[in-house]
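Using the sequences plus the hints, can you model the full thing?
The primary structure of each chain is shown beneath.
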Amino acid sequence: MKLGYYPGCSLHSTAAEYNMATEAVFNALGLELDELPEWNCCGATAGHSTDKFLALALPLRNLVIAEAEQQKELVLPCAACYNLVKGADHYCREGTPEARDANEELKSIMGSAYNGTVHVTHPLEVIMRKEYISKVGAQVKKPLSGLKLAPYYGCLLTRPTYVAFDDVEQPQAMDQLMKLAGADVKRWSYKTDCCGGSLTVPRTDVVYEITKNLVTAAQRAGADAIVTACPLCQMTLETRQKEIQKPIPVFFFTELLGISFAHPEAKKWMKKHIINPIPLLTSLQLL
Amino acid sequence: MKCAGGCPINFVMEHNNYEILRMIQLGEKDKVYQSNTPWLCVGCKTCAVRCPNGIDTSKVMDTIKMETIAENKIPASHYNVKLFYELFLDSMKGFPVIGGEGRGYELGLMGLYKLCTGTYLADMNLGKEMTKRGKMPFLPHNALKRRKGEVKKIFQRAKEKKAR
Ligand code: SF4
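Chains W and E are the protein sequences, given in the same order. Residue 1 is where the first sequence starts when you use the working numbering, and the numbers rise one by one after that. Residue 1 is where the second sequence starts when you use the working numbering, and the numbers rise one by one after that.
Incorrect hints may appear among the rest.
Taking lysine to aspartate or glutamate pairs in the DMTMM-like style, the calculated list, with each CA pair at most 20 Å apart, reads [unchecked claim]:
1) E:K153 - W:E104
2) W:K52 - E:E67
3) E:K93 - W:E38
4) W:K2 - W:E125
5) W:K52 - E:E86
Just some of the chain W residues that point at chain E, by a computed CB distance under 7 Å [as the list claims (entries may be wrong)]:
6) C9
7) S49
8) I109
Residues from chain W shown here face chain E by an in silico Cβ test under 8 Å; the list is partial [said to hold, decoys possible]:
9) C41
10) A44
11) T50
To be clear, the hints were calculated from the coordinates, so they are not data collected in a lab. All figures in this text were calculated on a predicted structure; none of them were measured in a lab. All C-beta atoms in this analysis are idealised placements derived from N, C-alpha and C, irrespective of residue type, glycine included.
Below, the structure written as structure tokens:
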């Protein structure tokens, strides 16, 4: 089956390994990701913090393209993009005055407006569907035995409620998926705390504090690595582990699935990490 | 308070998120503008999902940021956050000669931010490591071909709306 795909800026740059792994895992499950042509950046925090119109119009433009491409579903692996595009979709369906205005403007710019026919989704939500999760078990050739993980959802995957496909305060999807892949999943209290990603450049000092708290909490829970579903969380956690005595790797959930599927490209993804995960994986004979 | 209790940034905020709401009720506009709270809010929406009154406090923070910018009352200590937002959006509009309409351009953004703030050394090593791993493309993406100019027009409309 073919699904519309919106990688977002980071999957073409800072999170290239997430892009590769997601594609590989989806293919293994019989899914094809069809990248949206000429998509644009969703505007991220800079958009919604400074301009109400941009905050809607930028994500909406992508939905107009998705409709023109006759995509029924659009998969967004970046939690920030997912959150903004899902929000724009939500406001259009609700018919708020701001959404109607943005839609009218897009009609005059693009020739068509968004009609609210696309299901905006995240790879984690797709994989958790019955028809695909049932295939995961059969694909696991190299169970992630001994890999002690803290699943980290961050903020934008489950909040606000209209974007949530899992419990807002206690999401479980990644926990379940990683258990299915054979990992030793730890319980901890910080799985939905924000990583501070949007402040990582202008307020690095604050972000160092946040990541220190997160990583030490994961370590206290007994984890040797963190697993995420967002390129901004992954990047922030990997690059801001200052003052941590023993920095720990931060994986994307599709990378770990790929490893458990014994995907031949998995080593390539690992080489892109800033905190080298290869020693940990080889010590567990997973690579 | 469930909202501020879950706020991941409250440890550096001058005022808790609910205190800002109270200041708004009391009409203490200048106090709100001076506070570092909106500029540290990361929009994680923990407060929004927990508020028993259905208030999306993080949206209020966004509105405060917009108004502070519009009224030109932004305190110098928060200037870098605003600058980063602006450059981020600028980098999507494309650059003269090298182009790149519609998508983020990390290298250009970081270069400009460093030029504007004089923080040349911060993250230098990280930038090098990212480039080595092919995670920081040298040139911006020239992704809009058939639909060229659409994103620029969206920005143009945004500007017109603000001027109104
Ligand atoms: S949205 Fe902002 S104010 Fe609300 S909890 Fe998150 S950081 Fe705090």
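Practice task
Please verify that hint: C9 of chain W, Cβ, nearest Cβ of chain E, below 7 Å or not.
Solution key: Result: holds, 4 Å to nearest chain E Cβ.
Practice task
Classify the hint on S49 of chain W as holds or violated, based on whether any CB of chain E lies nearer than 7 Å to its CB.
Solution key: OK, holds: S49 of chain W within 7 Å of chain E, min 5 Å.
Problem - Given pair status - E125 of chain W, K2 of chain W, alpha carbons within 20 Å - result: holds (16 Å)
Problem - Agreement of K93 of chain E and E38 of chain W with the hint, judged by alpha carbon distance not exceeding 20 Å - result: With Cα atoms ~14 Å apart, K93 of chain E and E38 of chain W stay inside 20 Å; holds.
Practice task
Decide if the proposed pair is consistent with the structure: K52 of chain W and E67 of chain E, CA atoms, cutoff 20 Å inclusive.
Solution key: holds (11 Å)
Handout entry: Restraint check for K153 of chain E with E104 of chain W, where alpha carbons must lie at most 20 Å apart
Key = This hinted pair holds, its Cα atoms lying about 13 Å apart.
Practice task
Using 8 Å as the Cβ threshold, decide whether C41 of chain W counts as touching chain E.
Solution key: holds (5 Å)
Problem - Interface restraint verdict for T50 of chain W against chain E (beta-carbon cut-off 8 Å) - result: Check passed: Cβ of T50 of chain W comes within 5 Å of chain E, closer than 8 Å.
Practice task
Double-check A44 of chain W for me: the hint is only fine if its C-beta lies closer than 8 Å to a C-beta in chain E.
Solution key: Holds, because the Cβ-Cβ distance from A44 of chain W to chain E comes to roughly 7 Å (cut-off 8 Å).
Handout entry: Residue hint I109 of chain W, partner chain E, criterion CB-CB below 7 Å
Key = I109 of chain W check passes; min Cβ-Cβ to chain E is 5 Å, inside 7 Å.
Practice task
For the pair supplied as a hint, K52 of chain W and E86 of chain E, confirm whether the alpha-carbon distance does not exceed 20 Å.
Solution key: holds (14 Å)
Hint compliance for this structure: no hint is broken.
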